[in-house]
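Engineer: Make the full structure from the sequences, and use the hints.
Just so you know, the protein sequences line up as chains W and U, in that order. Numbered according to my numbering, the first sequence spans residues 4 to 326. Numbered according to my numbering, the second sequence spans residues 4 to 326.
Worth double-checking, as some hints may not be accurate.
Each pair may be met inside one copy or between any two copies, as identical chains are not told apart.
Below, a list of computed lysine to aspartate or glutamate pairs in the EDC-like style, where the Cα atoms sit at most 20 Å apart [as the list claims (entries may be wrong)]:
{"#": "1", "residue 1": "K115", "residue 2": "D238"}
{"#": "2", "residue 1": "K136", "residue 2": "D165"}
{"#": "3", "residue 1": "K156", "residue 2": "D238"}
{"#": "4", "residue 1": "K76", "residue 2": "E150"}
{"#": "5", "residue 1": "K109", "residue 2": "E210"}
These are calculated hints, taken from the structure and not from any lab test. Just so we're clear, the structure is a prediction, and the values are computed from it rather than from any experiment.
There are 2 protein chains.
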Amino acid sequence: MTSRSLVVVAFGGNAFQSKGDRGAAEDYWRNAYIAAEAVAKLVNEGYRVAVTHGNGPQVGVIAEWMMLGWRLKGTPPMTLDIAGAMTQGWLGYILQQAIYNKLREKGLIPGKVRGVVTIITQTLVEPNDPSFKNPTKYIGLWYEKGEAEKLSKEFGWVFKPDPRGGYRRVVPSPDPVAHVEIEAIKRLIDEGFIVICSGGGGIPVIEDRNMLRGVEAVIDKDLAAERAASALHADILLILTDVDYAYLNYGKPDAKPLKRLTLSEAIKYYNEGHFASGSMGPKVLAAIRFIQNGGKLAIIAHLTKALEALKGESGTWIVPDTT
Amino acid sequence: MTSRSLVVVAFGGNAFQSKGDRGAAEDYWRNAYIAAEAVAKLVNEGYRVAVTHGNGPQVGVIAEWMMLGWRLKGTPPMTLDIAGAMTQGWLGYILQQAIYNKLREKGLIPGKVRGVVTIITQTLVEPNDPSFKNPTKYIGLWYEKGEAEKLSKEFGWVFKPDPRGGYRRVVPSPDPVAHVEIEAIKRLIDEGFIVICSGGGGIPVIEDRNMLRGVEAVIDKDLAAERAASALHADILLILTDVDYAYLNYGKPDAKPLKRLTLSEAIKYYNEGHFASGSMGPKVLAAIRFIQNGGKLAIIAHLTKALEALKGESGTWIVPDTT
Chain W
4 MTSRSLVVVA FGGNAFQSKG DRGAAEDYWR NAYIAAEAVA KLVNEGYRVA
54 VTHGNGPQVG VIAEWMMLGW RLKGTPPMTL DIAGAMTQGW LGYILQQAIY
104 NKLREKGLIP GKVRGVVTII TQTLVEPNDP SFKNPTKYIG LWYEKGEAEK
154 LSKEFGWVFK PDPRGGYRRV VPSPDPVAHV EIEAIKRLID EGFIVICSGG
204 GGIPVIEDRN MLRGVEAVID KDLAAERAAS ALHADILLIL TDVDYAYLNY
254 GKPDAKPLKR LTLSEAIKYY NEGHFASGSM GPKVLAAIRF IQNGGKLAII
304 AHLTKALEAL KGESGTWIVP DTT
Chain U
4 MTSRSLVVVA FGGNAFQSKG DRGAAEDYWR NAYIAAEAVA KLVNEGYRVA
54 VTHGNGPQVG VIAEWMMLGW RLKGTPPMTL DIAGAMTQGW LGYILQQAIY
104 NKLREKGLIP GKVRGVVTII TQTLVEPNDP SFKNPTKYIG LWYEKGEAEK
154 LSKEFGWVFK PDPRGGYRRV VPSPDPVAHV EIEAIKRLID EGFIVICSGG
204 GGIPVIEDRN MLRGVEAVID KDLAAERAAS ALHADILLIL TDVDYAYLNY
254 GKPDAKPLKR LTLSEAIKYY NEGHFASGSM GPKVLAAIRF IQNGGKLAII
304 AHLTKALEAL KGESGTWIVP DTT
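Structural biologist: See below:
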């Protein structure tokens with residue numbers, strides 16, 4: 004890698020909330036500064052950086068707020084695409100200010116970086132994505148059966164029994180295709196900005212008679228990060244989470260951290276079901292796709308070990324077969 | 004004006020809500036398409052466009068949601084700067100998609116415009132702005148005195164009796180100084196994008212020991228639009244609202260629409276108190292400042308008459324004295 008390599012960093016939920024946090028504003032800031040420290044270290048080493056992040060808990064909070072407003076005050080709830088846009092503003096702002104302050108503290112702004120900006124990002128999905136026929140992502144509050152049926156009639160929502168009891172709304176999680184705003188994102192990166200984009204996997208939109216239209220769905224943020232990284236011809240996709248490595252037999256006595264995988268090995272382990280769907284699974288799948296689409300290096304590592312991961316001292320490296 | 008003049012358009016509340024709307028998502032979309040039509044007409048005439056917008060009702064809705072979540076579920080409320088960031092995502096997304104679709108429908112994208120993007124925007128204010136000592140902007144729910152005192156202790160909020168009864172939180176409305184992200188905004192405009200920025204007047208931040216820090220305040224969106232228009236060296240500041248003109252003696256039998264004002268005339272009428280604070284007042288003040296800072300033309304006009312206003316067929320024109 005050259006010192007000006009472009010790294011797309013995908014932050015997980017721990018960039019905003021740690022275990023035991025009650026989710027207050029000060030918790031968001033404290034965690035965001037840890038994430039910002041990771042970005043600052045990469046910038047200090049000369050890397051160019053674009054940032055994506057998850058939004059699962061925050062979409063849940065907004066869904067809960069909206070439902071309380073509807074029940075108690077009759078305030079109409081916004082749709083899920085709009086709720087996703089709200090989280091992009093919420094989390095983008097916090098990250099953008101934290102990263103800016105960290106870079107300024109370290110003398111990297113002005114200087115190596117021209118500024119830090121958040122772009123509200125729409126992610127195109129296929130209208131015939133199979134997930135639309137089989138929604139599986141739980142979102143928002145738990146309801147009694149009667150109220151679930153009422154809400155289903157009122158808003159057209161789909162409910163399923165939750166394994167933890169009660170009924171919860173389920174929504175589709177379609178595969179991301181492309182980001183509508185990718186050209187603006189690319190230009191700002193080229194001009195020296197750190198760009199925060201594709202927040203929460205992006206706002207899901209479909210093309211409908213030559214028009215964009217938001218849909219009630221959620222997008223996996225790591226799969227969306229891959230779409231951005233590939234479209235930007237990034238050198239590295241760096242997925243930061245709360246474990247040091249992807250593991251074989253994770254959680255079992257013979258669990259084995261994976262330090263370096265070729266593309267073929269990653270595909271083999273993925274197909275063997277070593278990586279849990281909804282957590283490590285999509286991260287490994289995003290890494291596989293990034294390498295398949297021409298990327299040189301994908302890494303899954305702990306939030307606090309971003310630089311060590313780039314140096315090969317921590318994290319799971321996934322590399323092309325020919326390396 | 005040349006055909007490539009840059010117009011900064013400031014949308015008022017009616018770009019998202021019309022009289023009688025209950026504030027449902029479909030109301031937002033319907034109104035946003037009317038606003039998008041105005042933008043499309045300007046683009047079709049060859050103007051370059053940047054867009055700002057208000058967020059008063061939406062910050063109120065989010066403040067209400069957060070308070071319900073706190074009361075009923077113990078979910079910590081976010082601070083007002085974060086709530087403002089949420090509205091930038093919410094309204095930016097809706098405007099960005101509506102404008103994109105309108106431009107595409109008219110064959111202006113791809114073509115005259117490269118894309119439509121929303122930049123999450125922080126607005127710098129002075130830490131010693133006098134409004135911090137005398138907060139006056141009502142926000143959120145109405146409370147009984149006892150609960151207001153409880154919330155005041157819990158969150159440090161300031162409450163005042165509302166003329167309509169009960170107690171409401173009041174927050175400062177400091178004067179905007181500059182937008183932190185103005186350089187990124189400028190570059191995207193220069194490269195052919197329509198940029199939505201400074202939503203709700205921007206997220207208020209102060210400089211505190213060389214770091215940015217969000218503050219609990221709201222910023223007048225027209226005064227902030229002037230800061231953007233002046234920094235971008237825009238040719239025209241176009242403030243769109245729900246009346247056709249600024250008036251002398253507004254609402255009285257001898258009310259007189261103002262069609263063309265020199266800077267000196269505008270200042271005279273402003274100082275005489277012809278324009279209501281909190282509605283027409285800041286619009287005229289924004290226009291005055293824009294001309295004082297070198298702008299050539301500021302217009303206050305109705306949302307549906309944007310193009311007529313630029314042609315001089317509607318709206319109040321404010322021009323330099325030397326014109």
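Engineer: Check each numbered hint against the structure and report the violated ones by number, ascending.
Structural biologist: Violated hint (a single one): 3; every other hint is consistent with the structure.
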